[in-house]
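Visitor: Chain order of the listed sequences is A and B.
Converting from the first sequence to the numbering used here requires adding 38 to each position, the first position being numbered 1.
Converting from the second sequence to the numbering used here requires adding 19 to each position, the first position being numbered 1.
Incorrect hints may appear among the rest.
Per label pair, the in silico range of CB-to-CB distance [to be verified]: (1) B:Tyr167 <-> A:Thr433: 49 to 57 Å; (2) A:Asp113 <-> B:Pro201: 19 to 27 Å; (3) A:Gln416 <-> B:Leu204: 52 to 60 Å; (4) A:Glu650 <-> B:Met200: 34 to 42 Å; (5) A:Gly149 <-> B:Ile26: 22 to 30 Å; (6) A:Asp105 <-> B:Thr195: 39 to 47 Å; (7) A:Gln390 <-> B:Tyr167: 33 to 41 Å; (8) B:Met200 <-> A:Gln390: 19 to 27 Å; (9) B:Asp198 <-> A:Gly133: 30 to 38 Å.
Simulated from the structure, these hints should not be mistaken for laboratory data.
Backbone N, C-alpha and C define an ideal beta-carbon position, used for all residues, glycine too.
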Amino acid sequence: MTAELVRGQNHPLSQARLEIRVSAGTPVVAAATLGDEQGRIHGVEWVAHPGAPTLPGLEVSRQAAADHRLAVDLDAMPEAVHRVSVLLALPTGSGPTRFGAVATPFVAVTGLDGTEIASYTITGLEAESAVVALELYRRQGAWKVRAIGQGYAGGLADLFADQGLAQAHQLAGGIHEAVAQGMARSVPAPPTRTDGDRSRQTAAPALGPDQGGSAPQGAPGTGSGSASPQPTSPYGTQTPGAPGQPAPQPPYQSGSGATDPAQPSAPTSGGPINYSHPGRQTAAPPPPPPTAPPAEPGQPARPVAGDATGWSMDERLYNQVWGMFEDLARTTAAYRSAVDFADSRMEKELDQVLSDPRSRIGGQSDAAREAAQAKHAQLVNQARATLDRDLVQLTAEVEVVEPALPPAYAGWDNPVWHGYRVPMEIPMALRLGDLHLPESAELRIPMLVRLPLERGLWIDSGRGGSIDGSFTDSHDLRRLAMETAVAHAARLLAVYPAGEFAVQVIDPAGSGAQALVPLVQSGVLAAPPALGAAGVADVLARLTQRVDLVQMALRGGAPDSLPPDFDTAQQLLIVNDFPHGFDDRAVNQLRYLADEGPAVGVHLMMVADREEASAYGPLLDPLWRSLLRLTPVPDDHLADPWVGHAWTYEPSLVPPGSQVLHQVLTQVAAARAKYR
Amino acid sequence: MTKGQAISLQKDDGGSLTAVRMGLGWQAAPRRGLFGTRTREVDLDASAVLFADKQPVDVVFFRHLVSDDGSVRHTGDNLVGGVGQGGDDEAILVDLARVPVHIDQIVFTVNSFTGQTFQEVQNAFCRLVDETNGQELARYTLAGGGAYTAQIMAKVHRTGASWTMTALGTPANGRTFQDLMPAILPHL
């Protein structure tokens, strides 16, 4: 039985060989220190860290990772050791620098077979970059574990110094260096999984209808009283120092015991009043993801929407969709490589038949040829059967996942859009369309990109984009491209809270006027589409100035000093008909916006045909490269990050005749008006 | 397990294994000399080469951690080895049920990336673990270690519908698995 510990609580350990599992939403460094009876570290050789990962009876991982397994053998500990402290620290360099900005770390003590003995969710961290998570300690010959959760704003150096280590600073520096070296050689993970700013826990766990009644985790009888019914912020609430806890002087204000973790806390002693009962833990872990019911023997498990890791339903569905994407990429890779192999083997065998003079006599050659073909067919059939088995499973998963998707992840034909309400939170990701492979054209994977956008978008209106170049002439394609752009822009407007996203349009010749009608009429645009060369120059100059201004404020460390009338919304600029109406200066400004804009919330959406801009030569190549190319018609130009298959992308468009876009934009416009 | 010994991966109760882990663990040998306690870091790398009818099709090693089909996964590069007390420093997980149908052999190799011979490595072992329950199926010690920088450790191959593991233990020389290809081919 698992004991869910609260801060300061302890639990006996019956086994000597243990594993300590750590999971954090972001890469963290795990280390452990050994202490004597007084809790003092005798020297750097009593610290297991990525630069020196093993000590007798103790082993930690060599690199920063989101998940760790530390091996501990208490029987192998030297006699003098009475205390083993397990530490977590955020790596220096890139990434978050405070635990308050990342998902709450979770540690568990397990047996070698994986059964959990005790677990602890380290809540209430704010400015700290290092934390003592757990302590294993010897008491009258028996070992126990205690939840500590003591954080240090000064990082590992402060933490070691607090434990009485003289060389604290050198050691902390050495550890971070060892971690940095480990990172330099490791193979980078697929970007879409790791690039995420995990700090943004988009929403309080949104319960799906299928799990509304499930109780939060919490084992009765542990005395932790952790069953708080309301879903709480994943950061939890700080519980003031519990009794029985060693009292190292915290370098940060936890002694005051009254901090509201929702606010970036200024170190004042009289913060907002903490209404939580001091003896009661208010931070429940997020509700468990819905798991598939146990499968019947011989049958694969029935899929369930949201059956993935994550703090909120949003995040779980996002991870599940990406999991399906990877599974389809890999199972198709297996199928393709089997078929390729079968082809090449048959070719070789047929060559052999032809070149062997003996086989020319009689029916031998025919028999050999048939045998080779039969072998080929058998292998291909086997491979196809495996692929079909996986496709059935994935199709079943898509069927349950699609209806469960929130608007930002759902296609325009999903009924969820009819119940659309202007959201209060920015979603994690946005659906830009569907992806599929030729082997499984029926199976569509939603293409989700993280928000805020990291790259601009390029809606390609060129002829080269279409698979079937015959059915659309260039005029149609241009109209389609503009309609696609409008659909994407409308979706972005709809998934952001009111007033947090603004769209501007440059349409120099007015050729996109018809497609832009839904945006213009509903009144969601910040200003009417800019026409003519003067309009282009004006809009670009204003956005360039905005990027400069925000950059200056950020670099100067004074983001609050922007003018009071400054519109803080993210900006999307739709550019139609590029490069018509653009002079050299405007082109340079556009490139500047593409490079510098995304970091300060200014995004580009180019609706353009690369051919038409070819007069600019290689000058524009970086512009195209910096944008994510999307097509108005199905086109196989997107690669997955694992195997690199060419996936056919199909934009997410409003079904013909549907009023959903109009309804949604009307609501957005109404919310905008109220917001002002 | 000794060289050449074959172990069927069929379970006793008739069911066949679905996932196995090939673990590799080692420890740097202490250097003799004035500073007797000083050790030099040894970077051993585990690799798995997937063969279809004696043609290499895919490789899983520290620069390609997951086979394209996702059935074979490397847990990540370890540059310095460990205590040699039974923990795996590098591991390769094989989901046998998901291995593509045309792959009929998977060969596991270990190379010394830093160039030390096995004389300088202590407690090097490779083992095969049933990943579903953590039970160790077979352990193979890099006996003694000679003046070699690589070893072809074992292969897992299809026999009918199930899989069999054969210990190979052939010494060789090379920095990565590519150098070992000529030495692997006779064992297929």
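Visitor: Of the hints stated earlier, which fail here?
Guide: Hints 2, 3, 4, 6 not satisfied by this model.
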